[in-house]
Amino acid sequence: MIETVLDYASWASILGGLFFMVVGTIGVLRLPDVFTRLHAAGMTDTMGAGLLILGMSFQTVVGIMHGETSYWSVLIRLVFVYAFLMFTSPISTHALARAAIVSGLEPWTNDHEDDA
Amino acid sequence: MLRAVGLGAILLTFWLLLSGHYTPLLIGFGVGSTALVVFLSMRMDVIDHEGVPIHISTRLLLYIPWIMKEIVVANIAVAKVILDPRLPISPRLVTFHGSPKTDLGRVVYANSITLTPGTITIGVSGQEYLIHALSAADLDSNEQDEMDARCTQVAEG
Amino acid sequence: MFVAATIGILASMAIVLVRALLGPTVYDRVMAVNIFGTKTVLLIAVLGFLTDRPEFLDLALVYALINFIGTIAVLKFFAFGDLGLTRRVERGPE
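Chains as they are written, first to last, in the working numbering: chain A, 63 to 178; chain B, 16 to 172; chain C, -2 to 91.
Keep in mind that the hints are not guaranteed to be accurate.
[To be verified] Stretch by stretch, here's where chain C covers chain A in the computed footprint (C-beta under 8 Å, at least three residues):
1. 89 to 98
2. 102 to 112
3. 136 to 150
4. 158 to 170
Keep in mind that the hints were calculated from the coordinates and are not lab data. The beta-carbon is built from N, C-alpha and C at its ideal position, and this holds for glycine as well.
Using the sequences provided together with the hints, build the complete structure.
Next comes the structure, spelled out in structure tokens:
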């Protein structure tokens, strides 16, 4: 019973992760400049990766419940992969934004109230 | 010294968790490389409140669920913006005043701002944060105040 | 189902490559490559489950770290023109 629930939850979060990943990618294509694109890039790093890894973790939990002890190490590695992504993603985002602004790129804007 | 022991314990736990082979030889390799890394870190003089912030670890663990919730909320908001055919964005640069005073607190705060999609920290000087926001709605001041308060609490107790 | 996940990740990787090719600035390209790396990490993990060999996650772990260091190194190279320097080079006339 609980295994079926975990299985469905796993597929749901993998599909959710794919959804956010594709939306983030569409954002990278659609948005107008590098700063706005970084917001979309952050989406793939946080929610896309997070939900996919959550879904895979559910699968390993199902495996553990079937008595496969080797899945414990898989679960630990998944947690580490996510932790690394969480710690490194904001730093590379910040480094990119900083490098772009230091090099003199002007952020794109559609604020025309100031001009009027 | 306590921090050096803490770093060694963390590294050794990491080794043991990843290794999966518990024979005397391999555990010996783990202890050896842990000792080498701790020795090198001491020589590099990076074992301080910044390099090994074990004093905030429990508060950081309590902070993670809250930031996760914030990330989910912000992600859904940004996804709606991207999927909207009109692309209703109004990107802007704003300067914020944050309350964390220590280096560690400012790092936690700046990274939390960057982690939630919709806002990116571009620069920090003193307590002023230069932030790029995707739209004005992402700059909800109540939310920023709460994040500010929580980050200060995490890093400075 | 892991097949679907693999195809989804591969498709979004292809879309990101379009951004890497279009640019227009070097930062767009670096960002695209960074996202590509994150997706590679996830692809390795999913492929591990797909082929029932979850040991692939070790590779994903290492790839996550190398991707980060690579991004920072490339950015530093573009900012300073050198990986060892810590401030911008002033190129004199001589």
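Verification of the hints:
no., hint, verdict
1, 89 to 98, "holds (count 3)"
2, 102 to 112, "holds (count 5)"
3, 136 to 150, "holds (count 8)"
4, 158 to 170, "holds (count 6)"
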